[in-house]
Amino acid sequence: MSTYYFVIVGQNDNPIYEKEFSTVNKELRKEDHRHLTQFIAHAALDLVDEHKWKTANMQLKSIDRFNQWFVSAFITASQIRFIIVHDNKNDEGIKNFFNEMYDTYIKNSMNAFYRINTPIKSPMFEKKSEIFGRKYLLS
Amino acid sequence: MSRQASRLDAKKVNSEFLTLTYGALVTQMLRDFENAEDVNKQLERIGYNMGMRLIEDFLARTSAPRCLEMRETADRIQQAFRIYLNIQPTISNWSPASDEFSLVFDSNPLTEFVELPPDLTNLRYSAILSGCIRGALEMVQLEVQCWFVQDQLKGDNVTELRVKFVRRLEEVIPAGED
Chain A
1 MSTYYFVIVG
11 QNDNPIYEKE
21 FSTVNKELRK
31 EDHRHLTQFI
41 AHAALDLVDE
51 HKWKTANMQL
61 KSIDRFNQWF
71 VSAFITASQI
81 RFIIVHDNKN
91 DEGIKNFFNE
101 MYDTYIKNSM
111 NAFYRINTPI
121 KSPMFEKKSE
131 IFGRKYLLS
Chain B
1 MSRQASRLDA
11 KKVNSEFLTL
21 TYGALVTQML
31 RDFENAEDVN
41 KQLERIGYNM
51 GMRLIEDFLA
61 RTSAPRCLEM
71 RETADRIQQA
81 FRIYLNIQPT
91 ISNWSPASDE
101 FSLVFDSNPL
111 TEFVELPPDL
121 TNLRYSAILS
131 GCIRGALEMV
141 QLEVQCWFVQ
151 DQLKGDNVTE
161 LRVKFVRRLE
171 EVIPAGED
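Read top to bottom, the protein sequences are chains A and B. 67 is the number that my numbering gives to position 67 of the first sequence; each next residue is one higher, with no gaps. 113 is the number that my numbering gives to position 113 of the second sequence; each next residue is one higher, with no gaps.
One or more of the hints may lead you astray.
What the hints assert, rightly or not - List time: in silico BS3-like cross-link candidates among lysine-lysine, alpha-carbon distance up to 30 Å:
# : chain 1 : residue 1 : chain 2 : residue 2
1 : B       : K154      : A       : K19
2 : A       : K107      : A       : K135
3 : B       : K12       : A       : K107
4 : A       : K127      : B       : K154
5 : B       : K164      : B       : K154
6 : A       : K128      : B       : K154
7 : B       : K154      : A       : K107
8 : A       : K54       : A       : K89
9 : A       : K107      : B       : K41
Said to hold, decoys possible - Covered stretches of chain B, going by a simulated chain A footprint (3 or more residues, C-beta under 8 Å):
#  : stretch
10 : 24-36
11 : 39-52
Hint data in this document are derived by calculation from the structure and do not stem from the laboratory. Every residue, glycine too, gets a C-beta built ideally from N, C-alpha and C.
Please put together the full structure from these sequences, using the hints given.
Structural data, given as structure tokens:
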């Protein structure tokens, strides 16, 4: 049983992509954490900015926790932040997921019709994140 | 003097560079004209002007002789795509009268990474290619029509460019001269 909340945050702290991955069936879910995970991710933004100076790595690993929730982050060269709020440890999977999403994000930003810092609406991107989420986070 | 074929390699550019530059050009034109139809027309014209100049370079490079029928012309066009874009379209779907054929592209360096937004379905993103063929052939006294039948950007499996022979242009003395 695990849930992941993945969000891409742009340079001006604006969300540009959001997705939830969960092994828990929608009907069976006791409570809706969506508002909470958003808050946790938002609260972690400052910590991301703090951590990014301490390492040359793009992977920032686990940077924050709140009750049972962990926050892992990844920061791209152009200061786009990938954040995952999750409730169980899965460092290897998250690392792979971030790397694959980074690749996908770069491909998407090469599209001439996509303007940086705007919400990502590409169906291709959606499909890829679905695939990688199932492959690395939920398996 | 004709240009040396070996000079081309030294000037090879990264295909992603071409993709991004062309993408920036198209999106900027879309912002300026605010109308996909106008952009199609302009892209076609850019291609036409490029084709008129490229044909000279192509003839110098390949020292190709005069084509006697459309099948030869099709081979030359195919060769030109290989030289300038390093892609090899396949020639197919000849009309019974041999005056119309298709160039089928499995991949198109111009449209790599590109996804058309849903509100721009009437944009012919690669219109520069059809303009180029029309311009080049016009300079060798062939008037053709050239248009897209299928486009990978619009969800088709391949990109298909149809070329139709219209007529041979006769050399005429400009008005006012004897």
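Comparing the hints with the structure gives:
no.: 1; hint: K154(B) <-> K19(A); result: holds, 26 Å
no.: 2; hint: K107(A) <-> K135(A); result: holds, 20 Å
no.: 3; hint: K12(B) <-> K107(A); result: holds, 23 Å
no.: 4; hint: K127(A) <-> K154(B); result: holds, 18 Å
no.: 5; hint: K164(B) <-> K154(B); result: holds, 22 Å
no.: 6; hint: K128(A) <-> K154(B); result: holds, 19 Å
no.: 7; hint: K154(B) <-> K107(A); result: holds, 19 Å
no.: 8; hint: K54(A) <-> K89(A); result: holds, 22 Å
no.: 9; hint: K107(A) <-> K41(B); result: holds, 29 Å
no.: 10; hint: 24-36; result: holds (count 3)
no.: 11; hint: 39-52; result: violated (count 0)
The structure fails hint 11 only (numbered hints given earlier).
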